[in-house]
Amino acid sequence: GAVVSQHPSRVICKSGTSVKIECRSLDFQATTMFWYRQFPKQSLMLMATSNEGSKATYEQGVEKDKFLINHASLTLSTLTVTSAHPEDSSFYICSAPHKGLAPNEQFFGPGTRLTVL
Amino acid sequence: AQSVTQPDIHITVSEGASLELRCNYSYGATPYLFWYVQSPGQGLQLLLKYFSGDTLVQGIKGFEAEFKRSQSSFNLRKPSVHWSDAAEYFCAVGGGGNKLTFGTGTQLKVEL
Chain A
192 GAVVSQHPSR VICKSGTSVK IECRSLDFQA TTMFWYRQFP KQSLMLMATS
242 NEGSKATYEQ GVEKDKFLIN HASLTLSTLT VTSAHPEDSS FYICSAPHKG
292 LAPNEQFFGP GTRLTVL
Chain B
22 AQSVTQPDIH ITVSEGASLE LRCNYSYGAT PYLFWYVQSP GQGLQLLLKY
72 FSGDTLVQGI KGFEAEFKRS QSSFNLRKPS VHWSDAAEYF CAVGGGGNKL
122 TFGTGTQLKV EL
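Chains A and B are the protein sequences, given in the same order. Position in the first sequence counted from 1, then plus 191, gives you our numbering. Position in the second sequence counted from 1, then plus 21, gives you our numbering.
This is chain B alone, in the form it adopts within the complex:
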């Protein structure tokens, strides 16, 4: 069965600083990987996805992520964080039956 680990429960960065959110996955085959963002009391918005091809994927809002098969990782990055990026970020891996398995999430706080 697939699983996702997000080691960092909380991260605080200053506005304008760079960001990296970690995600490690476990899946037997080539994974389909996703990053979602959730604002308080809201549903999920897709930031980016990987399912084949270039291992560096670009997403919305200036986010990018790199798939590293050797490290079973799919870390999310942003060069310069904006205060509006404060939210909960979820990494997810797709498995059989179109199902998604989510990590426990990373709460991002942005200091002005």
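Excised from the complex, chain A in its bound form:
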């Protein structure tokens, strides 16, 4: 069946560096992907909607210059956390809707655990 993958699954970086997280749709094309952030023991908060071939749409309060999103192809969206700081440490999850799914239904990736030292 359709699957969404993320890479890396886990990353540790130093404060001030940038980290790129990839989200891929396997076996299907996704013109839209979503990026969520989940702090420990909290819910998923939508950060942005990634749109293939156009700019991402960010949710209120999310810094677009800090969280760069690129949706360069129909199967790949990337989230780059620029100048990462310890408060950016979180679990980042992407998702993608599929035309065979119900409205609003999405396939979720396994998540990427980011730790900023």
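FYI, nobody ran anything at the bench for these hints, they're computed from the structure. We put the CB at the ideal spot given by N, CA and C, even for glycine. Be careful, since some hints might not be right.
Distance windows between CB atoms, simulated [stated by the list, open to error]:
(1) Asn-261/A <-> Glu-36/B: 29 to 39 angstroms
(2) Ser-35/B <-> Asn-242/A: 31 to 41 angstroms
(3) Glu-85/B <-> Pro-301/A: 37 to 47 angstroms
(4) Gly-62/B <-> Cys-204/A: 13 to 23 angstroms
(5) Ser-264/A <-> Ser-73/B: 27 to 37 angstroms
(6) Ser-274/A <-> Gly-49/B: 21 to 31 angstroms
(7) Gln-251/A <-> Thr-26/B: 12 to 22 angstroms
For this one, chain A is given, so just place chain B on it according to the hints.
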């Protein structure tokens, strides 16, 4: 804007006992409702969904949920809980633009 409330942060049940996880939503139109389960450090797995038709929906792993429009609720139930059901459960409502809004989650602990 839509919102979801899961009143119970933690629930502990004995293995074999029945389970009900509460979910209340706020949405102006007919909602699309989902229950997801998340094991530690993992992504989300869809348990079941409602978007039209029969208000009692069956999902995977023996779970079911009932949509009650009058109560704006979509509670998740399971007749007999297994130890492997211990996880975090999220209720979500779908809105415009294919977006999902999640509740704060309920952590389920199963006592053997």
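Which earlier hints turn out false for this structure, listed by number in ascending order?
Of the numbered hints, 1, 2, 3, 6 do not hold.
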